[in-house]
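The lines below spell out each chain.
2 protein chains.
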Amino acid sequence: MKIKAKGSIVVVSAPSGAGKTSVCNAVIESDKNTVYSVSYTTRKPREGEKNGSEYFFTNEDKFKKMAKEGKFAEWAKVHGNYYGTPKSFLDKTLRNGKNVLLDIDVQGGLDIKKQYPEACMIFIMTPDLKTLKKRLVSRNKDSKETIKIRLENAEKELKSLNKYEYLVINGNLNEAVDRVKTIIKSLDYRIKKGTVCKVS
Amino acid sequence: MKIKAKGSIVVVSAPSGAGKTSVCNAVIESDKNTVYSVSYTTRKPREGEKNGSEYFFTNEDKFKKMAKEGKFAEWAKVHGNYYGTPKSFLDKTLRNGKNVLLDIDVQGGLDIKKQYPEACMIFIMTPDLKTLKKRLVSRNKDSKETIKIRLENAEKELKSLNKYEYLVINGNLNEAVDRVKTIIKSLDYRIKKGTVCKVS
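Chains as they are written, first to last, in the numbering used here: chain A, 1 to 200; chain B, 1 to 200.
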């Protein structure tokens, strides 16, 4: 029996304020076998950002051409800029036996799942909506109006919970990180399509 | 959001000689949240066996009546005795938030999956068929003819691998135990049907 390792796609979504980015950063930092997906974007590089590291930087014409040619697993326009997840990066990373983590909103996550039905779907949430509100208020980043919109969005996103496979409650950052790492580790033993598994 | 814990069913199957029982025993011993399923059987209790502990002991008439009434998630006749997994035990244990581990052959495992589609299906295998043969020979328990039959059965069972969700290679007992425990741990975060998950 020969088993050729193949990585997994890990989609992580969460309402704003649930601590998704902190959890994902800690997972990537401590798990050498999991990398962030690198998106294409039409926004200008910020200081210190390198092409191919944080993003692949491109212009609108080239982006639209790629989208038309079906080169993105999902794409979206946010605040006037385009962002897209290139299939080529996902496929190459999976073939190399690494997992790709996508820190992405529910809509994008569901698009990924359509293209990659074996993607592992993780939803991160605070223990309750009250805690979410408290965190949004205490980080002192958003206006009252924005917080209200974020909470309404959270309720909407929670309605898609049944499309996700795992729910990680982030009451404590370290615990949430361990939980996501346990889920990702378990994927190593999942029987995946396209994995060579031959009796010999 | 209120989350009520609910246990998971864990089906573990393997060809004879792959070390399934050793792995399962070690998992049960070290994981307080996971218990063995207790089957009904018509075979006589052996010395030290207590009713309701290793098995629920019953007679053939009562067993057949239970089977007719659909009280078993699966049942089979082995060497003249009946064995059956009672749904009542599974349901009660799951409701109590515990996982139930079933050490069961492929046919029984697939029957369980039909009744409990959310059951987690784990297949244990040696790194290859050669190693399986070596183990069967070295444990000095079976005749040459029996070993031949066991190897043929192994090849047959491996054809059902695509019905299983996880493959754990048992090259090293401790490693295999850790892998099964990681898989079982990850189930705690799975979004299950029937789990109360209400926004509040």
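Worth flagging that the hints you see were computed from the coordinates, not collected in a lab. Fair warning: this is a prediction, and the values are worked out from it, not measured in the lab. Don't take every hint at face value.
Claimed, not checked - Covered, in the sense of this in silico footprint (three residues per stretch, anywhere, with C-beta under 8 Å from a C-beta of chain A), are these stretches of chain B:
#1 39 to 46
#2 77 to 86
#3 133 to 140
Claimed, not checked - Below 16 Å or equal to it, Euclidean Cα-Cα: the simulated EDC-like pairs (lysine to aspartate or glutamate) are:
#4 LYS185/B with GLU175/A
#5 LYS192/A with ASP91/B
#6 LYS163/A with GLU47/B
What the hints assert, rightly or not - A short list of chain A residues far from chain B (calculated; beta carbon distances all over 12 Å):
#7 THR42
#8 ASP61
#9 TRP75
#10 LYS92
#11 ASN96
#12 ASN140
#13 ASN162
#14 GLU165
#15 LEU167
#16 THR182
#17 ILE184
Beta carbons are placed, not taken as given, at the ideal position from N, Cα and C, and that holds for glycine.
A quick look at each hint next to the structure:
no. : hint                   : verdict
1   : 39 to 46               : violated (count 0)
2   : 77 to 86               : violated (count 0)
3   : 133 to 140             : violated (count 0)
4   : LYS185/B with GLU175/A : 13 Å, holds
5   : LYS192/A with ASP91/B  : 30 Å, violated
6   : LYS163/A with GLU47/B  : 50 Å, violated
7   : THR42                  : 35 Å, holds
8   : ASP61                  : 41 Å, holds
9   : TRP75                  : 27 Å, holds
10  : LYS92                  : 24 Å, holds
11  : ASN96                  : 20 Å, holds
12  : ASN140                 : 24 Å, holds
13  : ASN162                 : 7 Å, violated
14  : GLU165                 : 6 Å, violated
15  : LEU167                 : 5 Å, violated
16  : THR182                 : 5 Å, violated
17  : ILE184                 : 9 Å, violated
In the structure shown, a violation is registered for the earlier hints numbered 1, 2, 3, 5, 6, 13, 14, 15, 16, 17, in ascending order.
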